Amino acid sequence: AKELEEKESYVFVHPFNDEDVLDGQGTIALEILNELPETDIILVPIGGGGLISGIACAAKLIKPDIKVIGVEPEGAASAREAIKENKVVELKEANNIDDGTAVKRIGDLNFEYIKKYVDEIINSI
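When you read off a place in the sequence shown, starting at 1, and then add 146, the result is the number in my numbering.
In case anyone wonders, no lab produced these hints; they're calculated from the structure. On a predicted model such as this, the values are computed, not experimentally measured, just so you know. Mixed in with the good hints, there may be bad ones.
[To be verified] Beta-carbon label-pair distances, calculated as ranges:
#	residue 1	residue 2	range
1	E154	I174	30 to 36 Å
2	V159	E258	18 to 24 Å
3	E239	P191	26 to 32 Å
4	D254	I174	29 to 35 Å
5	F158	I268	31 to 37 Å
6	K262	V217	17 to 23 Å
7	I268	D169	33 to 39 Å
8	K209	I268	17 to 23 Å
[Stated by the list, open to error] With a straight-line cut-off of 25 Å between C-alpha atoms, the simulated DSS-like cross-links for lysine-lysine are:
#	residue 1	residue 2
9	K250	K262
10	K262	K230
11	K206	K262
12	K209	K238
13	K230	K213
14	K261	K206
15	K206	K230
16	K250	K261
17	K238	K148
18	K206	K233
19	K261	K209
20	K250	K233
21	K262	K233
22	K209	K262
23	K261	K213
24	K230	K261
25	K250	K238
26	K213	K233
27	K148	K213
28	K261	K238
Just so it is clear, CB atoms sit at the ideal spot from N, CA and C, and this is done for glycine as well.
Build the full structure now, drawing on both the sequences and the hints.
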């Protein structure tokens, strides 16, 4: 993708570590809270961290007392490890049947959002 960006003058949009992507992901929280205003917990899968960052930020801005819980696979717990180490870390491997959440390293931008807006991260099997 980066080669095409340079060669063809395309615009590269990172799949999860990009402010515009996070803004788009945040619209999911708007829809959830518009349709179900009584919602008090939102569970969000974590891969690179973009989805949860956008949802958590928007949800907390709309409803500060809402609880946002991240769920990531036990074999690819890059967000949980980053929180534990208080810095972005790269896992040696990411083992998970779902390739969308099998990410070795969360985005730097997303790490900051997760620290600020996510209440808890749990592992799935």
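Against the structure, the hints come out as follows:
no.	hint	verdict
1	E154 with I174: 30 to 36 Å	31 Å, holds
2	V159 with E258: 18 to 24 Å	19 Å, holds
3	E239 with P191: 26 to 32 Å	19 Å, violated
4	D254 with I174: 29 to 35 Å	22 Å, violated
5	F158 with I268: 31 to 37 Å	32 Å, holds
6	K262 with V217: 17 to 23 Å	18 Å, holds
7	I268 with D169: 33 to 39 Å	26 Å, violated
8	K209 with I268: 17 to 23 Å	21 Å, holds
9	K250 with K262	21 Å, holds
10	K262 with K230	14 Å, holds
11	K206 with K262	10 Å, holds
12	K209 with K238	37 Å, violated
13	K230 with K213	20 Å, holds
14	K261 with K206	13 Å, holds
15	K206 with K230	22 Å, holds
16	K250 with K261	18 Å, holds
17	K238 with K148	24 Å, holds
18	K206 with K233	23 Å, holds
19	K261 with K209	17 Å, holds
20	K250 with K233	14 Å, holds
21	K262 with K233	13 Å, holds
22	K209 with K262	15 Å, holds
23	K261 with K213	13 Å, holds
24	K230 with K261	11 Å, holds
25	K250 with K238	7 Å, holds
26	K213 with K233	23 Å, holds
27	K148 with K213	37 Å, violated
28	K261 with K238	22 Å, holds
The structure fails hints 3, 4, 7, 12, 27 (numbered hints given earlier, in ascending order).
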